Amino acid sequence: MAMLTSKLTAPYEFERPLHSRREELYRRAFDLVIATVALILVLPALIAIAVAIRVDSPGPILFRQTRGGINGRPFRMYKFRTMTVTEENGEITQAIRGDPRVTRVGRHLRQTSLDELPQLINVIRGEMSLVGPRPHALQHDIEFSKLVDGYALRSRVKPGITGWAQIHGLRGGVSTIEAIQRRVDLDNEYVAHRNLRLDILILIRTGREVFRQTNAY
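Under the UniProt record's numbering, the first residue of the sequence shown carries the number 1, and numbering increases by one thereafter.
Read the hints as simulated data drawn from the structure, not as lab findings.
Mixed in with the good hints, there may be bad ones.
[Unchecked claim] Simulated DEER-style distance windows between Cβ atoms:
id, residue 1, residue 2, range
1, Gln111, Ala179, 12 to 22 Å
2, Thr112, Thr176, 37 to 47 Å
3, Arg101, Thr176, 15 to 25 Å
4, Arg101, Ala50, 11 to 21 Å
5, Ser175, Thr66, 19 to 29 Å
Keep in mind that this is a model prediction, so the values were computed, not measured.
Here a beta-carbon is modelled for each residue, glycine too, at the ideal position from N, C-alpha and C.
Could you build all of it, start to finish, from the sequences and the hints given here?
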């Protein structure tokens, strides 16, 4: 796949869209139908998870954080809370492997990626897509855009619940510049070759990765 590079920084504005209006309408319809049906089907599981989180540890059921969306526009992303809330400022910072702040319920949710299910709401609202580059916190967007070539190009499409980088083993947090660069390179490959057939392939492979519970903690 061809590799793209750029040194733009957020917020990002591009001269023309990557795909035609018709293609985007098809994609939006695909996202909306699949996300709505999935949300209905998993509703009992969502309720059970919410109760388990409430019983397991004090704090909110949902974790809300502002992330960078398409063209760098910020939005509020939802996840099930998997960590204890710090007493100092009420914020939850990125977990590391073996992090003692991860709750008992949270550990299972992270291993199975069930903590990501509330992002179906973000998809229905049009803030995310089922497939796309994973959204980062705004501060990370600013930092990474200064360190990583081509970082801005990944924002030309909506962020996704899963993506090309995730099915290539880059699931969860990254701690080195090399790993971040690799993730961005894979994100940009996806942006350059994005189509519904590829999205379906990524969704299928994501299901396999979740079943194997790889690269999660």
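Against the structure, the hints come out as follows:
In this structure, Gln111 and Ala179 meet the distance hint of 12 to 22 Å, their C-beta atoms being roughly 20 Å apart. As the Cβ distance of Thr112 to Thr176 is approximately 26 Å, the hint placing it in 37 to 47 Å is violated. Distance hint for Arg101 and Thr176: a CB-CB separation of about 22 Å, consistent with the stated range 15 to 25 Å. For Arg101 and Ala50, the Cβ-Cβ distance of about 20 Å falls inside the hinted range of 11 to 21 Å, so the restraint holds.
A hinted range of 19 to 29 Å for the beta carbons of Ser175 and Thr66 is consistent with their spacing of about 22 Å.
Violated hints amount to a single one, hint 2; each of the other numbered hints is respected by the structure.
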